[in-house]
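Trainee: Each protein sequence line maps, in turn, to chains A and B.
Heads up, the first sequence is in the numbering used here, so the first residue is 254 and it goes up one at a time.
Heads up, the second sequence is in the numbering used here, so the first residue is 81 and it goes up one at a time.
Please keep in mind that the hints were generated in silico from the structure rather than gathered at the bench.
Ideal placement from N, C-alpha and C gives every residue a C-beta, glycine not left out.
Careful, some of the hints might be misleading.
[Claimed, not checked] Output of the computed footprint for chain B on chain A, the stretches with three or more beta carbons under 8 Å from beta carbons of chain B:
#1 460 to 473
#2 522 to 532
#3 563 to 575
#4 602 to 611
#5 614 to 628
[Claimed, not checked] Result set (DSSO-like, lysine-lysine): computed pairs, CA atoms no more than 27 Å apart in a straight line:
#6 A:Lys577 / B:Lys334
#7 A:Lys455 / B:Lys94
#8 A:Lys545 / A:Lys519
#9 A:Lys455 / A:Lys415
#10 A:Lys544 / A:Lys519
#11 A:Lys551 / A:Lys577
#12 B:Lys183 / A:Lys347
#13 A:Lys455 / B:Lys318
#14 A:Lys544 / A:Lys577
#15 A:Lys519 / A:Lys577
#16 A:Lys455 / B:Lys320
#17 A:Lys504 / B:Lys206
#18 A:Lys346 / B:Lys183
#19 A:Lys347 / A:Lys392
#20 A:Lys455 / B:Lys258
#21 B:Lys269 / B:Lys320
#22 A:Lys551 / B:Lys334
#23 B:Lys124 / B:Lys84
#24 B:Lys83 / B:Lys124
#25 B:Lys94 / B:Lys109
#26 A:Lys504 / A:Lys517
#27 B:Lys318 / B:Lys334
#28 B:Lys183 / B:Lys262
#29 B:Lys262 / B:Lys235
#30 A:Lys519 / B:Lys334
#31 B:Lys94 / B:Lys84
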Amino acid sequence: MFRRRGSRMLKIMASIFGRTNSPYKFIRSVTSLRCRCHRSLVYKQGYRTLACAERQAITAGIKVMAEGELPAVLILDIGGTHGVLEDLAALLKKHFQLITMKEFLANKEEMSKKIQSVFVFERRPTIDRELLESLPNLKVIGNSGVGVDHLDLKMISSFGVKVTNTPHAVADPTADIGMALMLASARRLVEGCQIAVSPDTKSFAVDWLGVEVSRATLGIIGMGSIGYKVAQRARAFNMRILYHNRNQRQKEEEEAVGAHYCAKMKDLLQQSDFVMLVVNLTPETHKLIGKKELELMKPTATLINISRGAVIDQDALVEALQNKVIRAAALDVTYPEPLPRDHPLLNLNNVIITPHIGTATVQAIRTMAEEAIANILAVLNGQPIPSEVFPK
Amino acid sequence: IGKKVQAIYLWWHKPVINKELLQSLPNLKVIANSGVGMDHLDLKLVASFGVKMANAPHAVSSSTADTGMALLLASARRLVEVHNISISPSMEKYCEVDILGVKVTGATLGIIGMGSIGYKIALRAKAFEMNILYHNRTRRKVQEEQAVGATYCKKIDSLLQQADFVMLVVSLTPQTHKLIGKRELELMKPTATLINISRGAVVDQEALLTALQTGVIRAAALDVTSPEPLPRDHPLLKLKNVIITPHLGIKTDKATYMITEEAVENILAALNGLPLPSEVLPS
Numbered sequence: 254m255f256r257r258r259g260s261r262m263l264k265i266m267a268s269i270f271g272r273t274n275s276p277y278k279f280i281r282s283v284t285s286l287r288c289r290c291h292r293s294l295v296y297k298q299g300y301r302t303l304a305c306a307e308r309q310a311i312t313a314g315i316k317v318m319a320e321g322e323l324p325a326v327l328i329l330d331i332g333g334t335h336g337v338l339e340d341l342a343a344l345l346k347k348h349f350q351l352i353t354m355k356e357f358l359a360n361k362e363e364m365s366k367k368i369q370s371v372f373v374f375e376r377r378p379t380i381d382r383e384l385l386e387s388l389p390n391l392k393v394i395g396n397s398g399v400g401v402d403h404l405d406l407k408m409i410s411s412f413g414v415k416v417t418n419t420p421h422a423v424a425d426p427t428a429d430i431g432m433a434l435m436l437a438s439a440r441r442l443v444e445g446c447q448i449a450v451s452p453d454t455k456s457f458a459v460d461w462l463g464v465e466v467s468r469a470t471l472g473i474i475g476m477g478s479i480g481y482k483v484a485q486r487a488r489a490f491n492m493r494i495l496y497h498n499r500n501q502r503q504k505e506e507e508e509a510v511g512a513h514y515c516a517k518m519k520d521l522l523q524q525s526d527f528v529m530l531v532v533n534l535t536p537e538t539h540k541l542i543g544k545k546e547l548e549l550m551k552p553t554a555t556l557i558n559i560s561r562g563a564v565i566d567q568d569a570l571v572e573a574l575q576n577k578v579i580r581a582a583a584l585d586v587t588y589p590e591p592l593p594r595d596h597p598l599l600n601l602n603n604v605i606i607t608p609h610i611g612t613a614t615v616q617a618i619r620t621m622a623e624e625a626i627a628n629i630l631a632v633l634n635g636q637p638i639p640s641e642v643f644p645k
Numbered sequence: 081i082g083k084k085v086q087a088i089y090l091w092w093h094k095p096v097i098n099k100e101l102l103q104s105l106p107n108l109k110v111i112a113n114s115g116v117g118m119d120h121l122d123l124k125l126v127a128s129f130g131v132k133m134a135n136a137p138h139a140v141s142s143s144t145a146d147t148g149m150a151l152l153l154a155s156a157r158r159l160v161e162v163h164n165i166s167i168s169p170s171m172e173k174y175c176e177v178d179i180l181g182v183k184v185t186g187a188t189l190g191i192i193g194m195g196s197i198g199y200k201i202a203l204r205a206k207a208f209e210m211n212i213l214y215h216n217r218t219r220r221k222v223q224e225e226q227a228v229g230a231t232y233c234k235k236i237d238s239l240l241q242q243a244d245f246v247m248l249v250v251s252l253t254p255q256t257h258k259l260i261g262k263r264e265l266e267l268m269k270p271t272a273t274l275i276n277i278s279r280g281a282v283v284d285q286e287a288l289l290t291a292l293q294t295g296v297i298r299a300a301a302l303d304v305t306s307p308e309p310l311p312r313d314h315p316l317l318k319l320k321n322v323i324i325t326p327h328l329g330i331k332t333d334k335a336t337y338m339i340t341e342e343a344v345e346n347i348l349a350a351l352n353g354l355p356l357p358s359e360v361l362p363s
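Let's have the full structure, built from the sequences with the hints guiding it.
Mentor: Written out as structure tokens, the structure is:
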């Protein structure tokens, strides 16, 4: 009963944020705000009418807004090349007073004390020591996205500032991009498009072939929530799934997707037709895939990277692709992003490169912002934080 | 030599089978097609010469379903557009909004034509937690529907109005010729994507062009066109919201091997007077 009511409440909260139809585990923390009703809103306890619970949730939400000034959040900019999208800015304004970097720098004295939170979107603004020193009341950095390798967690922590990310919102769209890249590379979709529209094309060659995805072997390196979702999707293509992870998953989880654990990455590399990298970037995964690993792969194999560029030794990859040590690569991430315009990877016809679009959908951008907002509000209201990230 | 020929293996619709050819091959017993579509053959004509025909339905279904999913994902996430941005020699500054795609997980897929290929697409789409609607001449069994979570739409209109992605997986027949025209496109959501892995002629291409140019639908991904390839000055080639692929269908190393195996089976059966595994009769 509680869960049903809970999910109704989540839908109410979702409608406050202007969305429909998504499970919001992370919003749970927001619904436990105190409210003006004489009964406290502790969703675990007792029976109350749906109507009252809903009203409490809405009141609780509005209470944050009505109580004096809204808390201030620092963002890089609104719109433009690197700024927060207009829609997101409107969403943020419902809960925060928005201060752009430009406004902050123009009026540091007044603004610096106000700012309690920073919303990091597409890795910006850059969080350095100087910025942290100038924000004495900063409590939290809410990152939009799950990867936090661009944040110096130890340094931020030393200022007593919390860091949060958005693991829930990223998982589905990122798994989708992994599948999209695998299929596009296998079936030579981008090359095919070029042929289809080229002014020189007179007929379609019949001996122009890609490689099969159905029933091929997929090796997933990094079987966290995103890796597991990739496995769920790949299974429907009757793929044979191998995985390598710091820890082996539960037997039931493995059986549900038909995945076989490879304790040694070597075994996975040697058997896979497709190798997909789904790890976070840490000192341990830096240049995880280098010359040795590429040479272990089949010459007919494809490498797909949806982690971080630095997980691959890029120079070794260029060489491997040029010498046909592996068949092809599809990279949503590179190092740096974007690559310099004269980089050899840009000229190889067996490479697909996308500009880090793992979560670049209209819907995902919004759900990430909502998840980040919920995390920021939880910190500012002293509530349990749904996705805090700690330094190692 | 004409008397020696007992079987023809059609590879990508060639050689062209016409009356002249059939008349010059008195001992021809069977024509085996490398693929499942038979719209390029005059079935009645061939049958009138007492020649059997076979296609290769089993080998193609997975590969074609994969192509359908590849196109759906590539279009939704604007893969071709953003790849071109990534490798462009001029560091064009692009805004986030220029590369935003639409979600696949949790979206609604409408499958028009739920034969073996359509069904395999449903199996794949289910893993992406897509809401699956389908329209077909006949309704599938309840267990089959439940296995993929598919809802039958007796009227194509209902499917068109609800789907975020509409995928055409029908064979080309007089009934499916220009199945999707102005009316159908206007029933679709303005945020919807049309994917065609059937035959170009299933879509009214002029109507599609207009719909894409005026934002009646969001985008299209076409593995098949009329003709193939399109003339080089065809307006469809210039639209940013269209992906056209050169009839990828089953063009993989494994699939082409398997179709040939299937064709050989059919040919040998015909030559030995046995029932053909995948005989195609004129309707």
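Trainee: What hints, given by number in increasing order, does this structure fail?
Mentor: Those not satisfied are hints 2, 3, 9, 27.
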